[in-house]
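> Spelled out, the chains give:
Number of protein chains: 2
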Amino acid sequence: MSVVFEPIGFVQTQARTLPRHWSVSDVEGDLVLDASYIRGLDSMSPGDRIVVLFHFHESPPFSMDSLMQRPPHGNQGKKGVFCTCSPYRPNAIGFSIVTVLALNGNSIRVRGIDMRNGTPILDIKPDVRPS
Amino acid sequence: MSVVFEPIGFVQTQARTLPRHWSVSDVEGDLVLDASYIRGLDSMSPGDRIVVLFHFHESPPFSMDSLMQRPPHGNQGKKGVFCTCSPYRPNAIGFSIVTVLALNGNSIRVRGIDMRNGTPILDIKPDVRPS
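The listed protein sequences correspond, in order, to chains A and B.
Going by this note's numbering, the letters in the first sequence line up with residues 1 to 131, in that order.
Going by this note's numbering, the letters in the second sequence line up with residues 1 to 131, in that order.
Honestly, I wouldn't trust all of these hints.
Since the list can't tell identical chains apart, any single copy or any two copies may satisfy a pair.
Cross-link-like lysine to any residue pairs, in silico, SDA-like; alpha carbons within 20 Å at most [stated by the list, open to error]: (1) K125 - S63; (2) K79 - D34; (3) K79 - F62; (4) K79 - F10; (5) K125 - V32; (6) K78 - R20; (7) K78 - P120; (8) K79 - S45; (9) K125 - H21; (10) K79 - S59; (11) K125 - R39; (12) K79 - D26; (13) K125 - E6; (14) K125 - R109; (15) K79 - Q69; (16) K125 - S23.
Calculated directly from the structure, the hints in this document are not laboratory data.
Using the sequences provided together with the hints, build the complete structure.
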């Protein structure tokens, strides 16, 4: 029943401190895909908002003792992990929405980074919302 | 470098035909998590909008010949796969945003289903948007 994915690329950013969430991030960085995927970016343009799915690769293996967690921001009590954006979760998949600034071959310059340098990218999708 | 995930549950829906995208879906169904994850839902409420990450488990293995695809809707030409929501992609991860209607133990009744019955669920997150 396991599902196995291979990273399609990696996040590159020189930011030393990262915002807590993409929705409050002005940090710039690059999504550098494996060169073999370059045609998969065809028709992407500056200004596009894209969904980036990635692996929280520095999170330790999840323990079921952590199904409830206290979010680090705000004065909230504990919440179920599926009601939080915690990187420490049963399947360590991250999700951020960023804005494309420029395309350079297999590298996408974006604004809105909240991922650490070296984060493995699993997928990129358009941010489709009802109009 | 592989990343391995285990499904946390499965989609149940009796819909025979599914809309092409969650953003145009009124289909109801249930996200049935493994009972061991029930505490991970603590503080989820009807009306919440949640991000569901899932495995396109019926997609065949990806071929690099398909890095450009013609979306089935609209009169568009071929686009890079990362600019489409195609279920046929390098890592077959799906992403839908649905609305919670009711909670019943480890089962979440939702509206907005565009996944097939039996789809493995990988993660659930709150739909956090800048206010």
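> Now tell me, hint by hint, if it's right for this structure.
Here is what the structure says about each hint:
In the homo-oligomer, the alpha carbons of K125 and S63 lie at most 20 Å apart only across protomers (18 Å), although the nearest pairing inside one protomer, at 30 Å, exceeds that limit. With identical chains, the CA atoms of K79 and D34 are at most 20 Å apart between copies only, with a shortest distance of 18 Å across copies and 37 Å within one. In this assembly of identical chains, the alpha carbons of K79 and F62 lie at most 20 Å apart only when taken from the same copy (16 Å versus 37 Å across copies). For the identical chains of this complex, K79 and F10 are neighbours neither inside a copy (31 Å) nor across copies (22 Å), given an alpha-carbon limit of 20 Å.
In this assembly of identical chains, the alpha carbons of K125 and V32 lie at most 20 Å apart only when taken from the same copy (15 Å versus 25 Å across copies). When the C-alpha separation of K78 and R20 is checked against a cutoff of 20 Å, the pair qualifies only within one copy, where the shortest distance is 18 Å, while the shortest distance between copies is 36 Å. For the homomeric pair K78 and P120, neither the shortest alpha-carbon distance inside one copy (29 Å) nor that between copies (27 Å) is at most 20 Å. Proximity of K79 and S45 under a CA criterion of 20 Å is satisfied inter-copy only: 12 Å between copies versus 38 Å inside one chain copy.
When the C-alpha separation of K125 and H21 is checked against a cutoff of 20 Å, the pair qualifies both within a copy, at 19 Å, and between copies, at 13 Å. For a Cα distance limit of 20 Å, the shortest separation of K79 from S59 inside one copy, 19 Å, qualifies, whereas the shortest one across copies, 34 Å, does not. When the C-alpha separation of K125 and R39 is checked against a cutoff of 20 Å, the pair qualifies only within one copy, where the shortest distance is 14 Å, while the shortest distance between copies is 30 Å. Taking the closest pair of Cα atoms, K79 and D26 never come within 20 Å of each other, the shortest separation being 28 Å inside a single copy and 28 Å across copies.
Taking CA atoms no more than 20 Å apart as the test, K125 paired with E6 passes inside one copy only; the shortest distance there is 16 Å, against 22 Å between copies. For the homomeric pair K125 and R109, the shortest alpha-carbon distance inside one copy (15 Å) is at most 20 Å, but the shortest distance between copies (26 Å) is not. In this homomeric assembly, K79 and Q69 come within 20 Å of each other (Cα to Cα) only inside a single copy, at 5 Å, whereas the closest approach across copies is 41 Å. Both within a single protomer and between protomers do K125 and S23 lie at most 20 Å apart by alpha-carbon distance, with minima of 17 Å and 14 Å respectively.
Violated hints for the displayed structure, listed by number in ascending order: 4, 7 and 12.
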